[in-house]
Amino acid sequence: MAALTGNDFDAIKAKVQGGAKNWIKVGMSTCGIAAGAGKTYRVLEDELSKQGHPVSLLTCGCLGMCYAEPLVEVCIEGLPRVVYCRVSEECAREIVRGHVMGRKLLQDYILAMHYEEAFS
Amino acid sequence: MEAVSLERAESIVAKWKNKKGNLIMILHDVQDAFGYIPEHVARRISRLLDIPLARIYEVLTFYHYFKLNQPGKYKIAVCMGTACYLKGSPEILEELKTILHVEEGATTSDGLFYIECVRCLGCCGLAPVMAVNGTIYGNLKKGDVVDIISRYSKEG
Amino acid sequence: MSEKTVLLQDTTAGSTTGTSDFFGVFKAALRESDLADNVRLVRVADMGVYNQGVVMTILPENITYANVEAHDIKRIIGVTLKHGNPVKDLLYQPKFRQMRLVLKNCGRLDPGSIDDYIAADGYRALLKAVEQKTPDEVIAELKASGLRGRGGGGYSTGLKWQFTREAAGELKYVICNADEGDPGAYMDRSVLEGNPHSVIEGMLLAGYAIGSSQGFFYIRAEYPLAIERVQKALDQARERGLLGNHILGSDFSMDIEIRLGAGAFVCGEETALIASIEGKRGTPVPRPPYPSVRGLWGMPTCINNVETLANVAPILLHGADWFAGIGTQTSKGTKVFALTGKVRNSGLVEVPMGTTLREIVFDIGGGIASGRAFKAVQTGGPSGGVIPEKYLDTPVDYDNLQKLGSIMGSGGMIVMDECDCMVDIAKFYIKFCVDESCGKCAPCRIGGYQILNILEGITQGRGTLQDLDRLILIARAMKMGSLCGLGQTAANPVISTLAYFEDEYREHIVNRRCPARKCRALLEFNIIRHLCKKCGLCARACPEKAITGDREHGYSIDTEKCIHCGVCFDVCKFSAVERI
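Protein chains in written order, with our numbering: chain B, 1 to 120; chain P, 1 to 156; chain Y, 1 to 580.
Honestly, the hints are just simulated from the structure, not real lab data.
Ideal Cβ placement from N, Cα and C applies to all residues, glycine included.
Do not rely on the hints blindly, as some may be mistaken.
Unchecked claim - EDC-like mimics (lysine to aspartate or glutamate), calculated; alpha carbons at most 20 Å apart, straight line:
(1) K74(Y) / D21(Y)
(2) K431(Y) / E91(P)
(3) K104(B) / E239(Y)
(4) K20(P) / E278(Y)
(5) K67(P) / D435(Y)
(6) K15(B) / D110(Y)
(7) K20(P) / E166(Y)
(8) K19(P) / D110(Y)
(9) K518(Y) / D424(Y)
(10) K280(Y) / E58(P)
(11) K280(Y) / E39(P)
(12) K104(B) / D37(Y)
(13) K13(B) / E239(Y)
(14) K17(P) / D255(Y)
(15) K20(P) / D255(Y)
(16) K97(P) / D255(Y)
(17) K280(Y) / D50(P)
(18) K15(P) / E228(Y)
Claimed, not checked - Sample of chain B residues lacking proximity to chain Y, with all beta carbon distances greater than 12 Å (derived):
(19) A2
(20) K21
(21) N22
(22) T30
(23) G36
(24) K39
(25) V43
(26) E45
(27) E47
(28) K50
(29) H53
(30) G61
(31) E89
(32) R93
(33) M101
Stated by the list, open to error - Reference excerpt, derived from the structure (chain P facing chain B, CB under 7 Å, subset only):
(34) G122
(35) C123
(36) G125
(37) L126
(38) I136
(39) G138
Build out the structure end to end from the sequences listed, making use of the hints.
So, in C-alpha cells, the structure goes:
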C-alpha cells in the first residue's frame with residue numbers, strides 16, 4: 001500500500017463515511033468477550049445470513065460500560081440508533097428479527113448513554 | 001523431544017538475536033512455545049546469547065509471569081485485583097483448592113489443573129473473575145466453580 | 001406528523017403514585033390519542049439516571065423528563081408528542097455528564113481499521129505538526145495545555161518533553177508505559193484494545209517533539225488482546241508510511257516496537273521499566289539523573305502513560321486553550337476512572353477534572369449495588385488511600401486527592417460498602433506491596449513485611465494499642481527512606497485507613513470485633529433459634545463437627561470447637577446463622 005500523504009485524509013474520510021448505512025456493532029474487548037460477546041457476534045452473524053438482510057456486522061472496542069456487556073449498537077436507517085446491553089443469544093436473534101427485519105426497537109434491552117463528546 | 005525444543009529455542013533466539021535487550025522477549029516466546037522455561041532451554045539460550053545462566057535465572061525469578069515448572073493442561077488464574085478481592089475472589093480460590101486438592105502455584109497430580117493467583121485480569125466490571133487457559137469466567141459465585149471445573153475435567 | 005420514539009425507564013413498581021405499570025398507562029394514553037402508530041414506546045434497560053422516578057427521553061427532539069407522574073402523561077402527549085415542544089417543569093438536565101476525550105472513539109471505531117481512525121480525524125494532529133509546527137512549538141502547545149501525566153505522578157507532560165528534547169544524546173527514545181499494574185484499573189487496556197492508533201499517534205508526536213526515532217510500547221503480558229491489537233495497528237501504520245522513514249512526506253522518521261512486561265508492579269516505576277526493556281531485572285535506581293537525561297541504554301528517554309499519550313493528538317488538533325478550558329485550575333482536561341467494587345455500574349467513566357467523587361460514585365455509578373451503606377472510595381491503587389463519605393463532595397484533581405491523603409494514581413476508583421473492613425483493605429494493599437517489592441532497599445523490603453505482620457495480628461485478634469503507633473512509625477520510615485515510588489507510597493493505604501477509620505482499628509484491638517464482619521477470626525457464629533428450620537445442613541457442612549443437635553431439637557454451635565470458617569453461615573438457606 002502506498003505511503004499516506006496529506007491529500008489522502010479527506011478521501012479516506014469520505015470513503016468511510018459513505019460506507020454502510022445499516023450496521024450492527026459488537027463491542028469486542030476483553031471485558032466484552034468475557035461477558036460473551038464472541039457468542040453474541042456469532043449468533044448475529046448466523047441470524048443475519050439466515051434472514052439475508054444486507055447489514056454490515058462490525059466490531060469495535062469497549063464503551064466502558066462493563067456492567068452491561070455484551071453491548072451491541074444498532075443503526076438501521078429510519079430508526080433511532082440505539083445500544084442494546086446484556087445481549088444474550090436470544091436477544092441477539094431478536095435484534096435481527098425484531099429490530100432489523102421488523103423495524104421495532106426491542107423492549108427492556110436499550111442502554112441510554114449520558115455523555116458528551118469533548119469535541120466533535 | 002529435547003532436541004525438538006532446542007531447535008525451537010534456537011529459532012526464537014535467531015529471531016531476536018540482533019535486538020538490544022532481547023532476553024525478556026526471548027523468554028516470553030519460549031514460554032509461549034512450551035508453557036514454561038525448561039532448564040535445558042535456558043542453558044541453550046545462555047550459550048547462544050553468550051550470557052551467564054545466572055543472568056537468565058535472575059530475570060526468570062524476578063518476574064511473576066515466568067514459570068520454571070511445567071504447569072497443568074488447564075491453567076486457572078484467579079484474579080486477586082482489588083475489585084475481585086472485595087467481591088469474594090479469596091473464597092473462589094479456597095473453593096478451587098478444596099475441589100482440586102492443590103495449593104496455588106501447584107498442579108494437580110493428574111497434571112490437568114494448575115492454580116495461580118494473578119494481579120488483575122482487567123475485567124473488574126465482572127468481578128470476581130477467573131480465567132481457564134485465557135477464557136474468562138466472570139460474576140462468579142462459589143457454586144459456579146464446580147461446574148466450570150467439571151466441564152474441563154470431562155474433556156480430560 | 002413524524003415518527004417519534006419514547007425511551008422510558010419505568011420505575012413505578014411500588015412507587016408513591018400507586019401506578020405499578022406506567023408503561024401500560026402510557027401505552028393506553030397513546031392509543032386514546034390515536035398516536036399508537038406514530039410513537040414507538042420503548043422500555044429501556046437503563047437510562048443512566050438514578051433516583052429520579054420515571055425518566056423518559058423523547059426522540060428525535062432528545063428531550064428528557066424526570067420524575068414523571070401518571071397525570072403528566074396528557075401534557076407530554078399534547079405538548080411534546082403532538083407539537084415537539086418541551087414541557088418545561090418536567091425537563092431534566094443532567095447536572096453534568098461524562099465528557100469523553102480519551103474514550104471518545106473507544107467503542108465507536110473498529111480498532112483493526114486504520115481507515116476508521118483516519119476518518120475520525122486520526123493522524124491529522126501528526127500531519128498538522130510535521131507540516132506546520134516545529135518541535136518546539138509542539139512542546140509549547142503541550143505546556144500551555146497544562147496536561148499532566150495520567151500514570152500517577154502528575155508531572156507536566158510538556159516539561160518532560162522539553163527536558164528530553166534539551167538533553168544531549170545521539171539517540172532518544174519514547175516509551176509508552178502500558179504496564180498497567182494497579183489491580184483495579186484497566187483504562188489503558190481499554191484504550192489499547194479500543195483505539196490503539198490514538199496512542200501510536202501520541203507517541204509519534206512525542207517522538208517528533210523530542211527528536212526521537214525509536215519508540216517502545218511496554219505492555220503487560222497479561223493483556224494478550226491489547227498486544228495483538230497494538231501489533232496490528234503498528235503494522236498498518238507502517239504499511240501506510242506513518243511509521244518508518246519520511247513520515248507523511250516530512251523529514252521525520254520513527255519506528256515503534258512492542259516490549260512485554262512480565263508481571264512486576266515495580267516496573268511502573270520509570271527506571272525499573274527501563275531496566276526491564278533492557279532485558280534485566282526491573283529494579284529501580286536512584287533519580288536523578290532522570291530518564292529524560294539518562295534513560296534507556298543511557299540515552300534521553302521520555303516515558304508517558306497510555307492515557308497521557310491518548311490526550312496528545314486532541315490537544316494539538318484543537319489547541320491548548322481548548323484543553324485548558326476543561327478541568328480545574330491546576331488539573332486540566334479529563335480523567336478516566338475505572339469505577340469498580342461495590343458500585344452498581346462498574347465500568348470506565350471519563351469526567352472533567354474537578355467532578356466530585358459523589359457525582360462519580362452516585363450519579364454516574366448509580367451508588368452502591370446492594371443498597372448497603374457507602375463506606376469509602378479508594379483511589380490510586382496500592383499507592384493511594386481511602387476517602388470517607390464526609391469528603392465525597394471534594395472535586396477530584398491531583399492536588400485535592402493528595403490533600404486527602406490519597407493520590408490520583410492511574411485512575412482506579414474502588415467503592416467500598418459497610419461490609420468491607422478497613423484493616424483488611426490495608427492488609428490487602430500492603431500484602432500486594434510486600435509481594436511486589438523488588439527487595440533492593442531495606443525500608444520497603446522490611447518495613448512492608450513488618451506492617452503486614454502487625455495488620456495480620458490485628459485481624460487475628462492479637463493486636464495491641466501500641467501497634468497503632470508502630471504502624472505510623474514504620475509507615476513514616478518507609479515514606480522517607482525508600483528508594484522508589486513503590487516503597488515511598490506503599491504505606492499510604494495504612495496511613496489513610498488509620499487516619500479516617502481509627503475507630504475500626506481500635507474495635508479490632510480493644511473489643512476483638514470486626515465491625516464489617518469480615519475478619520473471620522474475630523467472628524462468633526450463632527444459630528438463631530426462631531429462624532432455624534432444623535434442616536441440619538450446617539451441622540453436616542461443619543468441618544470441625546462443632547455444630548451439634550438433631551432435627552427434632554434444633555442445632556447449636558460449640559464455640560470452643562468453632563474455627564470461625566463461616567461455612568455454616570454460607571450454607572444456611574434461612575439466614576438463621578448470625579455473625580457477631
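12 Å cut-off, C-beta based - A2(B) kept clear of every residue in chain Y: Non-interface label fails for A2(B): nearest chain Y Cβ at 8 Å, not farther than 12 Å.
Under 7 Å is the threshold here; is the Cβ of G125(P) close enough to any Cβ of chain B for the hint to stand? For G125(P), the interface hint holds, since the closest Cβ of chain B sits about 2 Å away, which is under 7 Å.
Is the straight-line distance between the alpha-carbon of K20(P) and that of D255(Y) 20 Å or less? At roughly 15 Å apart (the allowed maximum being 20 Å), D255(Y) and K20(P) satisfy the hint.
Beyond 12 Å from every chain Y Cβ - status for K39(B): Holds, since 16 Å exceeds 12 Å.
Is it true that the CA of K431(Y) sits at most 20 Å from the CA of E91(P)? holds, 17 Å
Straight-line Cα separation of K15(P) and E228(Y) no greater than 20 Å? holds, 18 Å
Any CB of chain B closer than 7 Å to the CB of L126(P)? holds, 6 Å
Measuring Cβ to Cβ, find out whether H53(B) lies farther than 12 Å from everything in chain Y. holds, 20 Å
Would you mind confirming whether the straight-line C-alpha gap from K104(B) to D37(Y) stays at or under 20 Å? Distance ~12 Å between K104(B) and D37(Y) Cα, so the pair holds.
Keeping to a limit of 20 Å between CA atoms, is the pair of K518(Y) and D424(Y) held or broken? holds, 8 Å
Holds or violated: K67(P) to D435(Y), with C-alpha atoms at most 20 Å apart: Distance ~16 Å between K67(P) and D435(Y) Cα, so the pair holds.
Can you confirm whether the C-alpha distance between K74(Y) and D21(Y) stays at or below 20 Å? This hinted pair holds, its Cα atoms lying about 16 Å apart.
Hints 3, 7, 8, 16, 19, 22, 30 from the earlier list are contradicted by this structure; the remaining hints agree with it.
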